[in-house]
Amino acid sequence: MQDSFVEPLKLLELPVWEKIKNERRLISFDLEITARCNNNCRHCYINLPAKDKRTKEKEMSLAQIKNIVEQAIELRALWCLITGGEPLLREDFFDIYLYLKKKGLLISVFTNATLITEEHIKFFKRYPPRDIEVTVYGVTEETYEKVTRNPGSCDAFMDGLELLLKNKVKVRLKAMALRSNVHELTAISQFCRQRTKDYFRFDPFLHLRFDADIKRNEEIKSERLLPKEIVTIEKNDPERFQALEKGCDGLINPDFAHFGCDHLFNCGTGNGSFTVSYDGFFRLCSSLWHPDCIYDLKKGMLAEAWHKFVPQVRGMRSKRDDFLKKCRVCPIINLCIWCPAHSYLETAELDNPVDYFCKVAHARSESLAPQFRPSIATQP
Amino acid sequence: MEDERKVELDTVYIPSEDMLVKQIQGEFVIIPLRRGVADLEDVFFKLNEDAKAMWDKLDGKKTLKEVAQELILEYDAALELIERELLELAEELLKMGMLVSVKRARA
Numbered sequence: 001m002q003d004s005f006v007e008p009l010k011l012l013e014l015p016v017w018e019k020i021k022n023e024r025r026l027i028s029f030d031l032e033i034t035a036r037c038n039n040n041c042r043h044c045y046i047n048l049p050a051k052d053k054r055t056k057e058k059e060m061s062l063a064q065i066k067n068i069v070e071q072a073i074e075l076r077a078l079w080c081l082i083t084g085g086e087p088l089l090r091e092d093f094f095d096i097y098l099y100l101k102k103k104g105l106l107i108s109v110f111t112n113a114t115l116i117t118e119e120h121i122k123f124f125k126r127y128p129p130r131d132i133e134v135t136v137y138g139v140t141e142e143t144y145e146k147v148t149r150n151p152g153s154c155d156a157f158m159d160g161l162e163l164l165l166k167n168k169v170k171v172r173l174k175a176m177a178l179r180s181n182v183h184e185l186t187a188i189s190q191f192c193r194q195r196t197k198d199y200f201r202f203d204p205f206l207h208l209r210f211d212a213d214i215k216r217n218e219e220i221k222s223e224r225l226l227p228k229e230i231v232t233i234e235k236n237d238p239e240r241f242q243a244l245e246k247g248c249d250g251l252i253n254p255d256f257a258h259f260g261c262d263h264l265f266n267c268g269t270g271n272g273s274f275t276v277s278y279d280g281f282f283r284l285c286s287s288l289w290h291p292d293c294i295y296d297l298k299k300g301m302l303a304e305a306w307h308k309f310v311p312q313v314r315g316m317r318s319k320r321d322d323f324l325k326k327c328r329v330c331p332i333i334n335l336c337i338w339c340p341a342h343s344y345l346e347t348a349e350l351d352n353p354v355d356y357f358c359k360v361a362h363a364r365s366e367s368l369a370p371q372f373r374p375s376i377a378t379q380p
Numbered sequence: 001m002e003d004e005r006k007v008e009l010d011t012v013y014i015p016s017e018d019m020l021v022k023q024i025q026g027e028f029v030i031i032p033l034r035r036g037v038a039d040l041e042d043v044f045f046k047l048n049e050d051a052k053a054m055w056d057k058l059d060g061k062k063t064l065k066e067v068a069q070e071l072i073l074e075y076d077a078a079l080e081l082i083e084r085e086l087l088e089l090a091e092e093l094l095k096m097g098m099l100v101s102v103k104r105a106r107a
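Order-wise, the sequence lines are chains X and Z.
So in the working numbering, spot 164 of the first sequence is number 164, and the numbers just go up one at a time.
So in the working numbering, spot 19 of the second sequence is number 19, and the numbers just go up one at a time.
Check each hint, because a few of them may be wrong.
Claimed, not checked - Restraint ranges, calculated between C-beta atoms of paired labels, are given here: (1) Z/Gly97 - X/Gly268: 34 to 42 Å; (2) X/Ala243 - Z/Val43: 24 to 32 Å; (3) X/Pro15 - Z/Asp56: 14 to 22 Å; (4) Z/Val43 - X/Pro151: 39 to 47 Å; (5) X/Lys166 - Z/Lys65: 45 to 53 Å; (6) Z/Val102 - X/Pro15: 49 to 57 Å; (7) X/Lys168 - Z/Leu9: 51 to 59 Å.
The set of hints was computed from the structure by calculation and includes no laboratory data.
A quick note: this is a predicted structure, and the numbers were derived from the prediction, not measured.
We put the beta carbon where it would ideally sit given N, CA and C, even for glycine.
All chains, full assembly: derive it from the sequences and hints.
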């Protein structure tokens, strides 16, 4: 027998990380437990009204969620993100959370923090999440509520966040950069970094709606920043910009970074994680809603989705000439948010180039010092 | 008052319900389920194989002495050594809140 029986092990020391470099293995999954939200953010892709009865009726029941979680654990999942919509709207949020927790899953929660109460705090203190990620839409009432269109939401957010921080629940803050709050982005960044020193990120890439609502999509487009504005705010954040410079090549999957390949997917989607929609549909990632890329877990098993359906989707190919000659061979694709999922949201097809994405990627590329510009093959 | 942290061979122990052991890529990893148990930021615990063998036998029914008698069938070691290591493991786990004593066996 040996001397040391029990050794502390940090998350990054878990033996699984090395393994997933070389093989497809389930690590995490996202549970969108509702598509409803108490806010009505201008830029959001999934925020149906909080009192929307039809949507509520379609939500997975606790029993359905438990069943999916059980199957995910059999597939060796370690981590679950509870998200929405606003997940705290679910009356059975505590039951869902506790079930996941008692299964030994690490839990992250995405919330706007406006519904956080003392009861949540007591609960999170007893059963700590890995982290709670809160989006900061603004630091003044005017800006915050211009984005959320929910009177009183700024105060509710500040109170909720304060409760979380005061009670040392691990919080991570993030921001979306959009037309309605870009003037306050520096202040938002300071606000976040003062409160959570180890982590802050902002995202200027606004996705279109999961439900393809035309009016709301137009609204989202009107909130998008111009390519040069995105570059400016990225450059104003040295941490982010340096990471972009150093890491941009790493975002491409080398298997697909070659010419003559007609695969649609060049990212890691479906390799280590999946998403389940509020109404029980399996997706390879949170943005991928194409009907050929979703699997109904109410009718089938997760193992089949994971082992058979995912490779089938990842094997999809394109015959579209402009995709094959443009995005598929683009040397700066790793600076672009183009992917089949976003292409579908923008154009209703999986393999359509998107002009806005293209312009943003080129602006980002031009902003990089020459030595950091992506160096994947540029000639066929 | 009896010191609950004192580990005795004639006591029955069981892993705390607030912990879960998972095998992850061949490693036995203890995952704390609630705060107050082995509180350390971002830390799990790795059991070595011997500890896992012992842990599995702490079922809330057998005393440590009885566990040692089972283990001696699996290990080429003296009973005294196995008992000593069981006591050490139990003490370590009790301190971290990973183990709870169920009862002392009747004399």
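Here's how the hints hold up against the structure:
no.	hint	verdict
1	Z/Gly97 - X/Gly268: 34 to 42 Å	holds (38 Å)
2	X/Ala243 - Z/Val43: 24 to 32 Å	holds (26 Å)
3	X/Pro15 - Z/Asp56: 14 to 22 Å	holds (20 Å)
4	Z/Val43 - X/Pro151: 39 to 47 Å	holds (43 Å)
5	X/Lys166 - Z/Lys65: 45 to 53 Å	holds (48 Å)
6	Z/Val102 - X/Pro15: 49 to 57 Å	violated (32 Å)
7	X/Lys168 - Z/Leu9: 51 to 59 Å	violated (40 Å)
Of the numbered hints stated above, those contradicted by the structure are hints 6, 7, listed in ascending order.
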